[in-house]
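These protein sequence lines are chains S and V, in that order.
For the first sequence, counting from 1, position 21 maps to 21 in my numbering; every step adds exactly one.
Counting the second sequence from 1 gives a position; my numbering is that position plus 57.
What the hints contain is simulated information worked out from the structure, not anything from laboratory work.
Every value quoted in this text rests on a predicted model; they were computed, and no experiment measured them.
Glycine included, every Cβ here is placed at the ideal spot set by N, Cα and C.
Be aware that one or more of the hints could be misleading.
Some chain S residues near chain V, calculated using beta-carbon distances under 8 Å [said to hold, decoys possible]: (1) Glu7; (2) Cys8; (3) Gly9; (4) Asp28; (5) Ser30; (6) Glu50.
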Amino acid sequence: MNADCAECGAGISVPEDAIVGEIVSCKDCSSEYEVAEISSGSVLLKPAEEAGEDWGE
Amino acid sequence: MVRVAVLGASGYIGGELLRLLLQHPEAELVAATSRTHAGEYVFRVHPNLRGTTELKFSSFDGGGLAGSADLAFAALPHGESVKAVPQLADAGLKVIDLSADFRLSDSRMYPVWYGYDHPRPDLLEKFVLSIPEINRDKVKGASLVSSPGCTAITAILALAPLLKDKSLGVDRDHIVVDAKVGSSGAGGKPSLSTHFSERFNVVRPYKPAGHRHSAEIEQVLASLSGERVAVSMSAHAVNMVRGILSTSHLFVSPPPKPIDVWKAYRAMYSGSYFVRMVRDKQGPFRLPDPKLVIGSNFCDVGFEIEERTGRLVALSATDNLVKGAAGNAVQSMNLMLGLDEKTGLTMAPLHPV
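If we strip away everything but chain S, and leave its shape as in the complex, we get (with noise of 0.2 Å):
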């Protein structure tokens, strides 16, 4: 199954055994997305949670 990354557009191959809930990453900006629903084959990504990173300074 594919789906864009909402970040740079690069696509996202997400395995046909997938499950709701599962985590995938964008292989060019490292984005990650929780597989939102999947129906007759095709899925729905919503943005993952992420922690913000400053390195302290």
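Starting from the structure of chain S, add chain V where the hints point.
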């Protein structure tokens, strides 16, 4: 096999050319010239090459090279190359020049940026300034090629897609390039400013205004965008031996979305092995860093957007001696010879370094 010679082979760029050409599967290194080291083994000056070659430096002999080499790399100082290269070009050799002497297409720019009148303006129009990721079709089949300055090519690779894609609406009159450069960018000749005690730990602004590479950057970007482009550049010497980080500031109103900037970069660089997009959401290296390209021909490119001020920050990192000089020149040679442009250049960067 193509027979290649390196002129000015005792400098850092010359040494890097030797390192790359000695392991190139389609190149036979037939001569390495040096005025000051003629007769010495190459590895006495470039000790990293011990065990890889028995070649000795020789004096420059334009007539002799015309019979023994097919292609020459000129890694001579600015102002010296223009004296040697015409002999080789006139004799029919393919030439790749790494000095500034054949980079600017308009001879009137030489007194402005380099302080001398160009003695062979007729040759300028025959040289192709080679940045394969931008003009590989022109480099293929060219006989005379010049390779850009290290800070210039690093900045250009980050900026070019943003100027070419007019839908982004970049302000072409206000582009600021800030480059941090390692010590090898100053060449192999020692001076007080490169003495360890004076150079170590510096963050030294060495050309905050009027940097010569501005001319090359403007020339390439204007050619891509079809309009005049004004580039202001500042360079700083920092505590690295190799490497350049170029941070360029562009102003865009309204600011673009990240996905539109990604599209602009992909439109130019998809299929270009040596440009890697780095704009990662994870890990310590989320944007380009010279630390991750050292020893390789890669240029890492990334960006960030400051919506509040309409600023688009374009970042790029190279090893100044590889993609910034010798690697880009060998990549250009590959294209001129009809080879895969990656030939002999696919080494991964060192890490950690």
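Hint check:
no., hint, result
1, Glu7, "holds (6 Å)"
2, Cys8, "holds (4 Å)"
3, Gly9, "holds (5 Å)"
4, Asp28, "holds (6 Å)"
5, Ser30, "holds (4 Å)"
6, Glu50, "holds (7 Å)"
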